[in-house]
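Undergrad: Using the hints, position chains B, C and D against chain A.
Chains as they are written, first to last, in the numbering used here: chain A, 1 to 219; chain B, 220 to 908; chain C, 909 to 1224; chain D, 1225 to 1711.
None of these hints come from the bench; they were simulated from the model.
Glycine residues also receive a C-beta, built at the ideal position from the N, C-alpha and C atoms.
Check each hint, because a few of them may be wrong.
DEER-style ranges, computed between Cβ atoms [stated by the list, open to error]:
#1 D:1631 <-> C:1209: 46 to 52 Å
#2 D:1239 <-> A:69: 38 to 44 Å
#3 D:1594 <-> B:702: 17 to 23 Å
#4 A:69 <-> D:1228: 30 to 36 Å
#5 A:97 <-> B:875: 35 to 41 Å
#6 D:1263 <-> B:709: 29 to 35 Å
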Amino acid sequence: MTQELLTDTINGLAAIVLLTSFFLVANTRMHQLVRTFTLQSLALGLFAFFVAYYTGAEHIYLVAVLTIIIKAIIIPRFLDYTIEKIQVKKEVEPLVGIPLSLLICTGLAFIGYYIAEPVIANGNIITKNCLAISVAVVLIGFYLMASRRKAMSEVVALLVIENGLFLAAISITYGMPLIVELGIFFDVFVTVLIMGVFVFKINRTFETLDTRFMRRLRD
Amino acid sequence: MMVSSMGVQSLGREMVGMYSQSLFQALIIILLIGAACAAILHKHAKLSRSVACSAVFISASAGAWLAIDVILNGPVQLGVSLATFFGDWTVSLDQIGGYFLLMVCMIMACVAVYSLGYLKEYDGKYDAGLMGGLLCLFFLSLVLVISSNNIIFFLISWELMSVLSFLLVMYEGRKEGVAPAGLLYLIMTHVGTAFITVSFLLMANYTGSYAFSDIAAGWASIPMDVRSVCFVFLLIGFGTKAGMVPVHIWLPAAHPAAPSNISALMSGVMVKMALIMMVRSFFLYLGPVQTWWGLAILLIGSISALVGVLNALKETDIKSTLAYSTVENMGIIFIGLGASLIFDSYGLTAFAALALIATLFHALNHAVFKALLFLGAGSVLHATHTRNMEAMGGLAKRMPYTSAAVLIGLLSMAAIPPLGGFVSEWLLFQSLLLSANIPDILIKIIIPVSIALLALTGALAATMAVRFFGTVFLARPRSERAEDAHESPRSMLIGMGFLAIMCFVLGLASFAILPYIDNVSASVLGVSITSQLVDGIFVSPISSDFSTMAPLLIAVLAIGILGLTWGMVRMYGGKQVVRETDTWDCGTPLGPRNEYTGTAFSSPLVRIFSPIYRSQTEIRTEFTASPYVKKRITYGLRFTDIFEKYFYRPLVRFITAVSKRLAVIQTGSIQAYLAYIFIMLLLLLVIFR
Amino acid sequence: MVQDVLLNSLFAALQAVTMFALSPLIIGIIRKVKAWFQSRKGSSIWQPYYDLAKLLRKDSTMSKDASWISRATPYIAIASVGVVALMVPFFTTYSLGFVGDLIVVVYLLALFRFFMVLAGMDAGSTFGGMGSSREMMVSSIVEPTMLLAIFTMALITGTTTLSSISYSLAVTGPDLVRPALFLALAAFFISLLAENARVPVDNPATHLELTMIHEGMLLEYSGKQLALMEWASWTKFLLFSAILANVFFPWGIATDLSALGMAVGVIAIIAKVLVIALAVALIESGTSKMRLFRLPNLLTESFTLALLAVMSFYIL
Amino acid sequence: MMIELILLLPLIAAAISYFVKQQHVAEAVSMLSGVLQFILALLIAVDVMQNGAIQYGLWYADELSVFMLVIITFLGSMAVAYSFSYIGHDREEHEISGLQLRRYYLLLQLFLFTMLVVVLTNNLGIMWIAIEGTTLTSAFLVGFYEKDTSLEAAWKYLIICSVGISMALFGVVLTYASSVDVAGFPSDSLNWTDLRSVAALLDPTFLRIAFIFILIGYGTKVGFVPMHTWLPDAHSQAPSPISAMLSGVLLNCALYGILRFYIIMQLSVPGFAPDLLLIFGVISLVMAAAFIILAKDFKRLLAYSSIEHMGIIALGFGIGGFLGIFAGLLHMLNHALTKCLMFFGAGNILQKYNTRSIAEVRGLAYIMPITAALFLLGALAITGSPPFSIFLSEVMVLQAGLGAGSYLVVAIYLFAILVIFAAFMYHVSKMLFGKPTEGVVRGEIHHVSLIPMAILLVSILVIGLFLPQQLMDFITKVAALFPGGSR
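Pulled out of the complex, with its shape left as it was, chain A reads as follows:
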């Protein structure tokens, strides 16, 4: 693979991660949401793989494999299982309408670029372009989180933020120290598990996952 093709592929995959984020915003069904997330994680895994190939750093291969196994296989399965088990209503029920959300997210993408711009301007690592994308993904994930009602979609949104972070970690630093990466994976995994536990508890107590009903604590 030529150097150029390689960088194009890497950039392309990064673009796919961003694009899937937009899809996530547009998704209206819970299962769809999980599906798109799987796709994003897959793209992220591939991205890591190509970066590993490009830099020759072995531990990034491991990261790629872990990403695909945990984020593209185990976590989506777990999410699907939870959704089935507690029979969430299938609609996502966004707080902000989808067209407007998409518009906002476009704005966020621009802001991401604006923020990353000074860094890109004096950087010399080729993948630094990806910084803008990863900031955008993080912001979109954040937006997703703030604009969704269901506890489940919040979990997905958090995972999207994590994906954005990984994109950044892999692209601009060519991976963090291995022990940190492993720790983070473990952490993400446990976080999702614990959130799952709480989703069950909440469902049992409130008989809904709609966070609108969780407004007892206020001033």
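TA: Using the frame of chain A, we list chains B, C and D on its own:
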């Protein structure tokens, strides 16, 4: 003769100088032990009380000895210093400190004796150990406030004093209305402390030292405008404690809410702690005095005096009346302080000394008569279990000793010659009249106004005193409680009796006392005016051409004439035969409802000063079934405190309203919460990237 | 020095005795003048002396609700007025002014009032309370007025001792006369009327309970005590007249020990007091008593006058 | 060695207390572990003070870490001591099962473990993991009672802090990225010591963005407004000893995370971090004041007071200089001690009155005199009254601000703490005085709980009155780690 007396004195100086440290330590240790024992013995109320009161009494004696030594012979260093983050903490006692320490110890000793009997009241209802412990610690904090020579140490002692007095106010916390009063006090005094803190820290910042003595030496390194800022802050800060208008509002609420022995301490002594610090700060720490400082204090003092006395006139709660009278008297003291500062700023040091002596002397007099009056009020409260003067009456016959003591206190408060209160007010008038020499148009306008206000205040204070005594002690009882009143136990009477005697001593022997106060003022201003101030038994304001006065002679003459009259009437008219009959009643039997009450007594004045009182009367008539027969007419009188209505309430409302606006962010919606973080993140990134 | 003191004391005692002796006569004269104006014959000008003599020999009755205050007050009243009489110059400036200056005088009179008002409240009668309350209202404003008015003179002459004020005015002559003097004079005259319970503030002749101030307080007194109270009040009136005369226009007062000076002094003061008495009688005949709550207007006017007087001294 | 040991202790205790099915064993083991941790922490502290920082493998302990270590372990053991009576009471009342009780001690020890890792690791990545770990362990403790409100609080806590922490991770990534280009830098090191040694060479553009993310991220956990929203919910719903730990220790741990970056920032982009801290400090103070005025729930009141104090600490570091930093550090300690005391008191009140509503608590001074006295003194201490220690650190912040000439900040600071004092005392005096609530029996609820409270009160009193020389030297050394923080 001269030589030998000097020899004795210097010998005494050495001996007492050696002992002064141990005296001071003994004072502290006794108080701490007293507090601890009182707390430990709290199950045995009587024992605990006795221990605490004797600890206070013994310490007060030790403190008085120490104080007298310092006043006579100059400052002493007390105890070892403690190195801390904020410089060394040292304790020392200068002459002005000694003066106030003597005041504190004198009142404390009387209160300790009084408390022995008074506190019995609380047995079984409130914890005796708590009261004893707090009382000892409160005394300790007062001593530390006077003697600390380090800003931070001072602030700690100061706030300790506030907190302890707050706790003492809250002693009867379960009673209605006590908690809000105490709370208001705590908040106000804390705000005041904040101002003091900022001011002292600024001074420390510029002089580079936390020791008061270094600040006094290094004021020159503080820029002029910073010194003025410090002055304003200190005025607000200490003024809050002193009950200066308009930051006085806590005082009439909190002083009455406390148990009476504590009210006596708060009104008599604690407010004076603000005075000592003001005198020290304005004369010693802040460098050359600015004229406008004096003017500001003079003006505020005049207003405080008037506001205080007018409010005292309308109160029907005996202790509130006395508390407002404290506001008034602190106003009078401020007038003196302001005059002294003005004179000092013009370099008229001798006049400044006169005004300062008047101020300090009035502070002492006020401490004595106000403590006496609060103890008297406590005694009345003890007998009638009410603070409402409308429900009293006729107590002079039932409590002869208490009524005599209170009458003496009231006479001193109303500045009736030859008592102490009169002598200090006389000196104050004289020093104000001397201001004719100052060539400044603003002063020429403000001084006459404050003379007028002082005169008006004096007259109104007399009215207030008459009303107080007349309503509480004279005529017939207006309630059963007053009917069944009884004289207080002996310990209470002894405590009051000593203070009552002091009221006379301070007046009659003022010619002997003033030189020592001059000693104190000389330590501040550097000028001694004893030779001009006192001549034999005559007292005069610097120049004896201007005026002289001899309280002792006045008393002798008055007693002489009284005796003469009595003798002549006896000689001419024969033996006094007095027949006791009913009061003239126009034919209808007199009941308690026919009598003049306190409200009725002050009603004409309330009408005259209605723009200040903002009183609203409300007369409601209830009819029986027939519209021609009235069943009941109720008369309601409400007063609005203008400071409360136009400053404090709006302030609280404003802050609460703003808070409500701000607090809407805590909606309970997790999406909103996330959005805040999100927006904050975006903002910071876009602005600071 | 000692001789000086003795001399002063002697004359002070003499003046005080004179004032006590003359005060009933002045009251008698005022009553007589008023009677003439009312086209009555009126009682003899010696009548107050007869009253005193009679009352002093009588026993008293006293309310059983009253305390020791009522019994002590008449003596305290005489004592305080007596001490003041020692300090106020009458026909000569030799007096005990060095024992107490004008502030002492004003506050000694306050002592008198203090106890008189307490005595009014003592028996618990409604009239006593009413009188006391009104008396304190009036005096609350009148006392500062009086102080300020005399302060003006003190500032002009540079002393607060009453005898020194008259001395320096009498010796220096009209050079010291300033606008402030007239303002102060007006204020002091109103104070004189108010303090001594004269029309338009109070009506000394009335015994209608709802209008009286001074008499209300004395309502419970009888016999010896009443005599003493009345005498003290009359002397107080004479004292005020003497202060008015000797502080504001002291010319004629004896400033040395010459027999001529003394004679002139005696004549001058008698003339001045008679003029004041006449003026008071004229006012009493010409005007009626004010309604109670119109009084503050008059009193605050006088207070303002006095304040202006002090201020004009400072500013002009 | 000692570092591994101190980390192992809570893990062992956690295991034992969970698997041995006896309440007393769980309690005793927890207490023993807590005390041992504290002793070990002191030993490490002495070691560090005498021989300088310890650094090997993943671990690093300098004066700052040790400072935090002492706070964590001391308050940890206090919390365990208080838990006996508090959780024991719950067990007696059958509010919780025996299993829950053991799970409580398990989670408490795990919580302690994660916090110990936070302050002892040299690797910023591990530190991040550990901080996220604190969220995960404490989320269960917040939701401990499994009531609707506690679940809601736990869920919010979990979500908001996880999101926040993710931002912090982004910051860590960016910080790491800024070091990648630096010549001679070990390419796979995320060690704080390495970063500090090359701090001046790091890419400032990266660092600025990184610090913003760090501040938002860890700031969420610290409770800076407007990221504080989880805090009152979690603090009010958690069992009181846990509230004390959250407020007293956890917030400090998160702040510790920020401080590590603060040091690097100050070496690279001086002035940037302090300015941001000042902004957050001021906002937090003002908003906390607003909430404290309106508080209706006394545990939430305490939670908002924590926000206030975090703001004050931020101001201290924001103003900087020796005095500011010293004040900030001292305030961390003071706040931790005092807030623990307050939450313990609140726990006693809660169990006595069975309500968190301020309006329903009356006459506490009569009902539980000792608790009331401790609570009142704690309230005075927390609002900055002498002679308690918070007064000293607040005065230091004030003095630092006046010295730095930031008068506007000083004015806002003073205004806010005065308003807070007034509001706090308003609420507390309503609870303490007045006619006692009907139907509440007079008497202390459990006497054992008064011991840790008394210890805490004495400690803040001692610090406030004397500020012992050793402590002063210690904090001075800690402050010297900060650029511009040496005396």
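Undergrad: For which of the previously enumerated hints does the structure constitute a violation, in increasing order of number?
TA: Hints 2, 3 and 6 are the ones this structure does not satisfy, whereas the remaining hints hold.
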